[in-house]
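Q: Protein sequences, first through last, are from chains Y and R. With our numbering applied, the first sequence closes on residue 206, and no number is skipped along the way. With our numbering applied, the second sequence closes on residue 345, and no number is skipped along the way.
Rather than coming from a laboratory, the hints here were simulated on the basis of the structure. Note that the Cβ used here is the ideal one computed from N, Cα and C, for glycine as well. Take these hints with a grain of salt, some might be off.
[As the list claims (entries may be wrong)] Simulated crosslink set (DMTMM-like; lysine to aspartate or glutamate; CA at most 20 angstroms straight-line):
#, chain 1, residue 1, chain 2, residue 2
1, R, K302, Y, D153
2, R, K344, Y, E70
3, R, K302, Y, E70
4, Y, K107, R, D338
5, Y, K107, R, D341
6, Y, K107, R, D336
7, Y, K130, R, E246
[Said to hold, decoys possible] Which bits of chain Y does chain R cover? Going by a derived footprint, with three or more residues having C-beta under 8 angstroms, they are:
#, stretch
8, 29-41
9, 76-82
[As the list claims (entries may be wrong)] Stretches of chain Y that chain R covers, calculated by requiring three or more beta carbons in the stretch to come under 8 angstroms of a beta carbon on chain R:
#, stretch
10, 124-138
11, 152-161
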Amino acid sequence: MHLIVFFIFAGFCLAGAINLLLQSHPINSALSLIVVMVSLAVLYLLLGAEFLAIAQVIVYAGAIMVLFTFVVMLLNAGREARTLGSKAALRVGLPAVVAILALMATVILKAQGLGAARLSDGLTDVKGQTNLDQLGTVLFTKLLLPFEVTSVLILIAILGAVALASHENQGTGNREQGTAERTGEE
Amino acid sequence: MSAFFQQEVPLSWYLLLSAVLFSLGVVGFLIKRNLITVFMSIELMLNGVNLSFVTFAQQWHAVKGQIFVFFVMMVAAAEAAVGLAIIIAVFRARATLDVDRIDRMKL
Numbered sequence: 021m022h023l024i025v026f027f028i029f030a031g032f033c034l035a036g037a038i039n040l041l042l043q044s045h046p047i048n049s050a051l052s053l054i055v056v057m058v059s060l061a062v063l064y065l066l067l068g069a070e071f072l073a074i075a076q077v078i079v080y081a082g083a084i085m086v087l088f089t090f091v092v093m094l095l096n097a098g099r100e101a102r103t104l105g106s107k108a109a110l111r112v113g114l115p116a117v118v119a120i121l122a123l124m125a126t127v128i129l130k131a132q133g134l135g136a137a138r139l140s141d142g143l144t145d146v147k148g149q150t151n152l153d154q155l156g157t158v159l160f161t162k163l164l165l166p167f168e169v170t171s172v173l174i175l176i177a178i179l180g181a182v183a184l185a186s187h188e189n190q191g192t193g194n195r196e197q198g199t200a201e202r203t204g205e206e
Numbered sequence: 239m240s241a242f243f244q245q246e247v248p249l250s251w252y253l254l255l256s257a258v259l260f261s262l263g264v265v266g267f268l269i270k271r272n273l274i275t276v277f278m279s280i281e282l283m284l285n286g287v288n289l290s291f292v293t294f295a296q297q298w299h300a301v302k303g304q305i306f307v308f309f310v311m312m313v314a315a316a317e318a319a320v321g322l323a324i325i326i327a328v329f330r331a332r333a334t335l336d337v338d339r340i341d342r343m344k345l
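Chain Y extracted, bound-state conformation (with noise of 0.2 angstroms):
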């Protein structure tokens, strides 16, 4: 069963990014990235982090994403040219690529005492506690403030995308005065 399971969703996985790669218009790698993060959110689930699993799909699949094709829309992105990448890319870039990949499996392959993942782990510890009460006794004792800080994060983050994006100095004939309007006001 968790076998099958593995194998069909990272299956999925995999020819999402491929397909992300492969793909030549931002909506359809957008989709592809949909996939590939619908996928991983069941092997959290395989893997017993029912939190995290639902918190991918909400997150992730949800908000990241649609922000994103709301973008590739608003853009009216089109198809980029299909190339392989400039010279350097190319020629550095992708043998060190397979050179990381290889080191990373020749490692994860030679690692000693990796366990193994069963579908009974994980839904409760020995004292019975289920993977959200442990996350939520962890995450409110020992880590407030880090999480209070994650909060201040987000909304620095909220203020600084409205800055950026807001139409203050729109189009290109008035932008030195735009500027020099938002200096006059500073």
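Please build the complex by placing chain R on the supplied structure of chain Y, with the hints as guidance.
A: Using the frame of chain Y, we list chain R on its own:
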């Protein structure tokens, strides 16, 4: 039937999958020419790393790895909002999304 549910998947397969996802993200970052797709490749790399965090959390039966993934997701959401706003600003200034044609810091 119970043997069917007791099947095991070695955790090294999950780690291999995460390594391959990360590498595909790097390849996309190198070969894609559209600014938005390059940004999507970065998200793919983040997801690959998240998968290995969750795998190690399962390996050590520790919840810390999952909490780390939670924080990575929050930071990724903030990063996506700011990054896409920057892409909109760049598109307004240059009227192109081709990374080869966005090669000057000054307007």
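Q: Hint check: K130(Y) vs E246(R), CA-CA at most 20 angstroms. Holds or violated?
A: With Cα atoms ~19 angstroms apart, K130(Y) and E246(R) stay inside 20 angstroms; holds.
Q: Given the hinted pair K107(Y) and D341(R), is their alpha-carbon gap at most 20 angstroms?
A: holds (16 angstroms)
Q: Within the assertion that chain R covers the stretch 76-82 of chain Y, do at least three residues meet a Cβ-to-Cβ distance smaller than 8 angstroms?
A: That given contact holds, which follows from 3 residues of the stretch 76-82 of chain Y lying within Cβ reach (below 8 angstroms) of chain R.
Q: Check whether three or more residues of the stretch 29-41 of chain Y sit with their beta carbon closer than 8 angstroms to a beta carbon of chain R.
A: Holds: 7 residues of the stretch 29-41 of chain Y have a Cβ under 8 angstroms from chain R.
Q: Under the criterion that the straight-line Cα-Cα distance not exceed 20 angstroms, is the pair K344(R), E70(Y) satisfied?
A: Violated - the C-alpha atoms of E70(Y) and K344(R) are around 47 angstroms apart, more than 20 angstroms.
Q: Is the straight-line distance between the alpha-carbon of K107(Y) and that of D336(R) 20 angstroms or less?
A: This hinted pair holds, its Cα atoms lying about 16 angstroms apart.
Q: So is the stretch 152-161 of chain Y in contact with chain R by the C-beta rule, three or more residues under 8 angstroms, or is the coverage claim wrong?
A: Result for this restraint: holds, n = 4.
Q: Using a Cβ cutoff of 8 angstroms, are there at least 3 residues of the stretch 124-138 of chain Y near chain R, or does the coverage claim fail?
A: Three-residue rule met by the stretch 124-138 of chain Y, so holds; n is 10.
Q: Between the alpha carbons of K302(R) and D153(Y), is the straight-line distance 20 angstroms or under?
A: holds (13 angstroms)
Q: Are K302(R) and E70(Y) close enough, with their CA atoms no more than 20 angstroms apart?
A: At roughly 14 angstroms apart (the allowed maximum being 20 angstroms), E70(Y) and K302(R) satisfy the hint.
Q: Has the given pair, K107(Y) with D338(R), been kept, meaning a C-alpha gap of at most 20 angstroms?
A: holds (12 angstroms)
Hint compliance for this structure: hint 2 alone is broken.
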